[in-house]
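Engineer: One-letter residues, chain by chain:
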Amino acid sequence: VATPVGLDLDAFWSGLLAGADGLSAIERFSTADLRVGRGGEIKKLPAVAVPIRSRAAGLLVAAAADLTSRARLEANPERIGLVVGTALGGVEELDHALADDPGARRALAGLYDSPAHALATWLGARGPVVTVSSACASGATALGLGADLLREDAVDLVVAGGYDALCRFVMRGFDALRSLARDRVRPFDRRRTGLLLGEGAGLVLLARERDARGPRLGRLLGHGSASDASHVAAPDAEGRGLEAAIRAALDAGDAGVGDIDFVSAHGTGTVLNDRIETAVLKRVLGARASTVPVNSIKGALGHTMGAAATLEAIMCLMAARDGWIPPTVGFEEADLACDLDYVPGAPRATRPRCMLSTSLGFGGCNAALVLEGVA
Amino acid sequence: VRRTGARLEAVGVLTGWGNDVAALPDDARAAASGHAVIPLARPSLDGERFRRATRECLLGVTAVHAMLEDAGLGREAIRGAGTALVFVTAAGYGASNVEWLAGQAGTLHFPYTAPSVLPGEAAIEFGVTGPYVILIGGPAATVDALWQAARLVANGQCDRALVLAVETFRECATLWRRARWTLPGPLVESAACALIGPGDAPATYRARAEAVPLASTVETRAGRTLACAPLVALALARRAGRGSAVVSGTWRGRTAAIELAVAAQPARV
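Keeping their order, the protein sequence lines are chains G and X.
Quick note: to get our numbering, add 44 to the position in the first sequence (first position is 1).
Quick note: to get our numbering, add 262 to the position in the second sequence (first position is 1).
Pulled out of the complex, with its shape left as it was, chain X reads as follows (with noise of 0.2 Å):
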């Protein structure tokens, strides 16, 4: 089934500054007072299921969570072959890899070193068997995130997607160092999960543009968030209830942006 286009359902964030971007700094330079890092606690979630999950998969647990709770729906609702699943990072393998690296891991440690596996673990959670793929990089990758979730959806390969982002820093926090001159700080753990369905226009895609505006006022209020800067960019575009958003991600000197829709948030009791 073609369908016309696509468009921003709901989306969820967590940042080092709290749940959602009301949580966020007018300044997170300022905020972070000196801080390198601006981390994220380990969620804890239930089950014996999690009990070798890393903090990283937690995280992308949760902030399917909260895109579900910023939706108003249920976990059924994303379950299925009709839930598409795109994960983006720039560096969410990080930790798991140093652990693995010096020895501090056990065996069984050893596939958390892979970046599927931390969507694999929120495709477990929530049984998403739709299309799937996996993306490194920055902002700009997760433009592209974005622009595969929206053309799933147009194309009627599956129903929904959930474009998943999560960035974390604090045990590599010595390497981010030595590269500060690069990534100037601070760096702000994150989660964000954003669900693009079916809407009335068709996502517009530039895999090289201009940064536009939204891009700096995410990195001002929330800080270096990496691959979950555009998903902040679209949450911050919902809850002010612009009916489309522009957004752009800049990584390793390219820019790419995408226009979408934005569906209105339902209204809170």
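Only chain G is shown next, with the shape it has when bound in the complex (with noise of 0.2 Å):
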């Protein structure tokens, strides 16, 4: 991984369950114009990334690095595919491209998948290169879909995750419709005003169960997905979409509510999003609602887009490794609309076998995952 918390798995997570905060002004470009000038911001790249002119790209590679160091990838390179998902691609090099380089390599990187191109390059691996731009929700279906290639026999290995920078682009839009928050993000608690955005990068190794090698992770059991058909920025009143993904997802993974022992939630901070959120949970949980934690982990680095679901879900399966659920940074005092357990101040010692990860994004977009950890 490569987030605002931490460069490498190691770090990140003991970030998360130390409840860190990656939030921070922002330094790499100008933010003077706008309401809002914090984000989740990675001060220094690593090494590896630091000659990629790319940084979507060079975010990529960071984790790649971070990946590569832990799990090879022994595969015929033709077998090794790559799906990841952005909500932003290479935009930040179609401003370059626009403002200060004619050239065309710059144009080029401006399509959304160069980044995952540029990835693919530097692993070797020429097996089918996937761009899944679901925008928030993206993280999550990328790793439904490098599942996929795995069951379809397509390939043998499969590098999946999601990515997105922190760039002007984003931070213009979101303040202008006034969604980040002036202070803190504060997921289901009762003072949320919004979310703050961060960058990062998560990927996962995907092998089929017989083709494992060395230690594993866990088990993608299921994904799902569903359009809500409702408004092109605004999650569904009701969270249909939401409630029909999780109910896929279950379904993909054979698994019941009652097998649920922990939730990481989509929890951006936004007023909206969370109690729609919980209202759904609610539903698909039922009298279990009450006594099945819930997180957010947005409040320590930011909403980092299209690497978002890809990092919860790497943060589940680290709970269930180690025995405990990060905090909810910046869950403080309860809403009435969101009366779940939030795991707030501190982390919670115990360990969840069976995980649902839910993701939201423009355009009607829902994801949701089942996973099991490896004690």
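It should be emphasised that the hints constitute simulated quantities derived from the structure, not laboratory data.
Just so you know, these numbers come straight off a predicted model, no measurement behind them.
A few of these clues could be false.
Said to hold, decoys possible - Sample of chain G residues with no beta-carbon within 12 Å of chain X, all distances over it, derived: (1) Ala76; (2) Pro90; (3) Ala91; (4) Ser113; (5) Ala143; (6) Leu155; (7) Arg234; (8) Asp303; (9) Leu316; (10) Leu329; (11) Val336; (12) Pro337; (13) Glu377; (14) Pro388; (15) Arg392.
As the list claims (entries may be wrong) - Pairwise CB distance ranges, derived in the manner of DEER restraints: (16) G:Ala256 / X:Ala435: 33 to 41 Å; (17) G:Arg222 / X:Gly296: 44 to 52 Å; (18) X:Gly368 / G:Glu282: 26 to 34 Å; (19) X:Ala435 / G:Asp366: 48 to 56 Å; (20) G:Arg222 / X:Ala364: 17 to 25 Å; (21) X:Leu445 / G:Asp145: 16 to 24 Å; (22) G:Glu377 / X:Pro301: 53 to 61 Å; (23) G:Val301 / X:Gly418: 17 to 25 Å; (24) X:Ala285 / G:Arg97: 39 to 47 Å; (25) X:Leu445 / G:Glu377: 51 to 59 Å; (26) G:Asp383 / X:Asn417: 30 to 38 Å; (27) X:Gly336 / G:Glu282: 24 to 32 Å.
By construction, the Cβ of each residue, glycine as well, lies at the ideal position given by its N, Cα and C atoms.
Make the complex out of the two chains shown on their own, each in a separate frame, by following the hints.
Structural biologist: Following this line, the structure appears as structure tokens:
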């Protein structure tokens, strides 16, 4: 991984457990004309990413360097696939192509699938290179499609995940929409006022059960997606698409709601998202809703957009491995409309086995993953 | 409900040359007469809801209408959770991004910079609430999208799936001109939608494959339609009355291919 709270898996995980705050004043570009100038910015990229001109591609390579230091890609390169999700792709390169670089390379780098192809080259992966752009649900759908490629026997290994770089393009957009919190991100808290954006990348190595070598973090049991078909920018008021995605993921994973021990929520810290998500989880989990821990790591990282769902899935698997659920940083005061167990204050000592991760995004995108840890 | 397979039920195509593949010239390069981009006009769709929608969003909605016409179906046939939507584009978000970067767009335009908003508008218009996948890339990504659609249908995760592709180039013509050595023109704006339904034969997907002759035919006749190209190929196969079609797509050095059964076109009155 590469995140504002840690540039490798160990630092990311210890940062989450410690309740680290990865949000700070943005330094890489000017925010002087914006209402909010804070976000989850990575101040210094790892050396491996520094020579890469595209920050988005650099984040992916930084995460890939961490991944390949832990797991080897032992397969015919033509049978190694890459599936990554992003909300913004190479849009910062498009900005440069328009403003200060008339070259052809920069123009092509502005395409949203360019960072994935840069990563495939870096990895030496010559199988399918797939870019998913289901907005902020991209990182979940990417893991699902990666698993589908394995099931289809189209590949033998898949590097899957998500990424996005913090840039003026997106800061200016969310600032204009008045979606950004002026102080801190407070998922599910009574005083929540909005989200803060972050940047990062998360990648996992997927293999079929029979081909898996070395230590495993867990299994992707099922994934589901659904369209809201209600609004291009706001979630469905009843959360019907999110509920459909969750139920589809449970069905695909042959799991029941009684199996879910922990939920990693989208939990952006906006008034609407957190209320809707809570209502959906209560409908899906039923009588168990108040007993299942639910967290959001966006108070620590900011909303890392295309990376968010993958980082949250990795967090789930680490929780299962180590028996600790990270707290929801920023959650302090309960809201009547958000009345679940949001893991306040400190990490929770419990070892979830089966976990649900939920994501939503612009365009009415909803996605859910059902994961199983290996104790 | 697991099914045996999936098949192409219908396909609607709009290109800068006109509606349907019947409008394609024999030789796109000659027909372009040196024009780098063959544009599509902004469709005029009724409704207050579309007042902010971008041209590419409206093209997506219009392509779904064209598919329904080809299928002989009304819009109710695709409403609801039984229909999946798989959207694919290489560059359909470029115009909205350039406009936002140039500071020419208002606040409410920002969501339209996300590629997911184009299929989002189509989903709203037709009430499509099933599985939802959005891929970025050229023709190879469309083959991946067709595979996703076919497997969603075959696995019983939906009753039918739409594969929607939209490509626009006009607003980014200067950027595309820089890359003309990679993508020699003409770049032909296009929007296409395929309807995949249950069938007797499984779709055969190859994530790496050789290009098939139909892909060359599409390029010769339609020009560069990027993500729309495999759907144009399916439309040509369907109009030719073929019972199945192998379509391929090549993008950034990878060629993928898929074989799909093709339903016969309903008789026209």
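Engineer: Now tell me if each hint is right for this structure.
Structural biologist: Each hint tested on the structure:
With a cut of 12 Å on Cβ distances, G:Ala76 stays outside the contact zone with chain X, its closest approach being about 15 Å. No Cβ of chain X comes within 12 Å of the Cβ of G:Pro90; the nearest lies about 26 Å off, and the non-interface call holds. Distance check on G:Ala91: its Cβ is at least 27 Å (rounded) from any Cβ of chain X, clearing the 12 Å threshold; non-interface status holds. Look at G:Ser113: its CB is around 27 Å from the nearest CB on chain X, clear of 12 Å, so calling it non-interface holds up.
Distance check on G:Ala143: its Cβ comes as close as 8 Å (rounded) to a Cβ of chain X, failing to clear the 12 Å threshold; non-interface status is violated. The Cβ of G:Leu155 does not lie farther than 12 Å from every Cβ of chain X; its closest approach is about 7 Å, which violates its non-interface assignment. Under the 12 Å C-beta cut-off, the non-interface status given to G:Arg234 relative to chain X holds; the minimum distance is some 27 Å. Every CB of chain X is more than 12 Å from the CB of G:Asp303 (nearest about 20 Å), matching its label as outside the interface.
For G:Leu316, the requirement that its beta carbon stay farther than 12 Å from each beta carbon of chain X is met, with the minimum near 14 Å. Every beta carbon of chain X lies more than 12 Å from that of G:Leu329, the smallest distance being close to 21 Å; the non-interface claim holds. Listed as outside the interface, G:Val336 is consistent with that label: its C-beta sits roughly 25 Å from the nearest C-beta of chain X, beyond the 12 Å cut-off. Chain X leaves G:Pro337 outside its interface by the beta-carbon criterion, the shortest separation being 28 Å against a cut-off of 12 Å.
Listed as a non-interface residue, G:Glu377 keeps its Cβ farther than 12 Å from every Cβ of chain X; the least gap is roughly 30 Å. With a cut of 12 Å on Cβ distances, G:Pro388 stays outside the contact zone with chain X, its closest approach being about 32 Å. With 12 Å as the threshold on Cβ separation, the claim that G:Arg392 sits away from chain X holds: the shortest Cβ distance comes to roughly 33 Å. Against the hinted window of 33 to 41 Å, the Cβ-Cβ separation of G:Ala256 and X:Ala435 comes to about 48 Å, which falls outside the hint.
At roughly 47 Å, the beta-carbon separation of G:Arg222 and X:Gly296 lies within the given 44 to 52 Å, and the hint holds. As the Cβ distance of X:Gly368 to G:Glu282 is approximately 29 Å, the hint placing it in 26 to 34 Å holds. In this structure, X:Ala435 and G:Asp366 meet the distance hint of 48 to 56 Å, their C-beta atoms being roughly 54 Å apart. A hinted range of 17 to 25 Å holds for the C-beta pair G:Arg222 and X:Ala364, which are about 22 Å apart.
In this structure the supplied range 16 to 24 Å holds for X:Leu445 paired with G:Asp145, their Cβ-Cβ distance being about 19 Å. The hint said 53 to 61 Å for the Cβ distance between G:Glu377 and X:Pro301, and at roughly 55 Å that hint holds. Against the hinted window of 17 to 25 Å, the Cβ-Cβ separation of G:Val301 and X:Gly418 comes to about 21 Å, which satisfies the hint. Hint check: X:Ala285 to G:Arg97, Cβ distance near 42 Å, so the stated range 39 to 47 Å holds.
Between X:Leu445 and G:Glu377 the beta carbon distance is about 55 Å. The supplied range of 51 to 59 Å therefore holds. Roughly 36 Å separates the CB atoms of G:Asp383 and X:Asn417, a value that falls within the hinted 30 to 38 Å. Range check, X:Gly336 to G:Glu282: about 26 Å between beta-carbon atoms, so the 24 to 32 Å window is met.
Hint violations for this structure: numbers 5, 6 and 16, all remaining hints satisfied.
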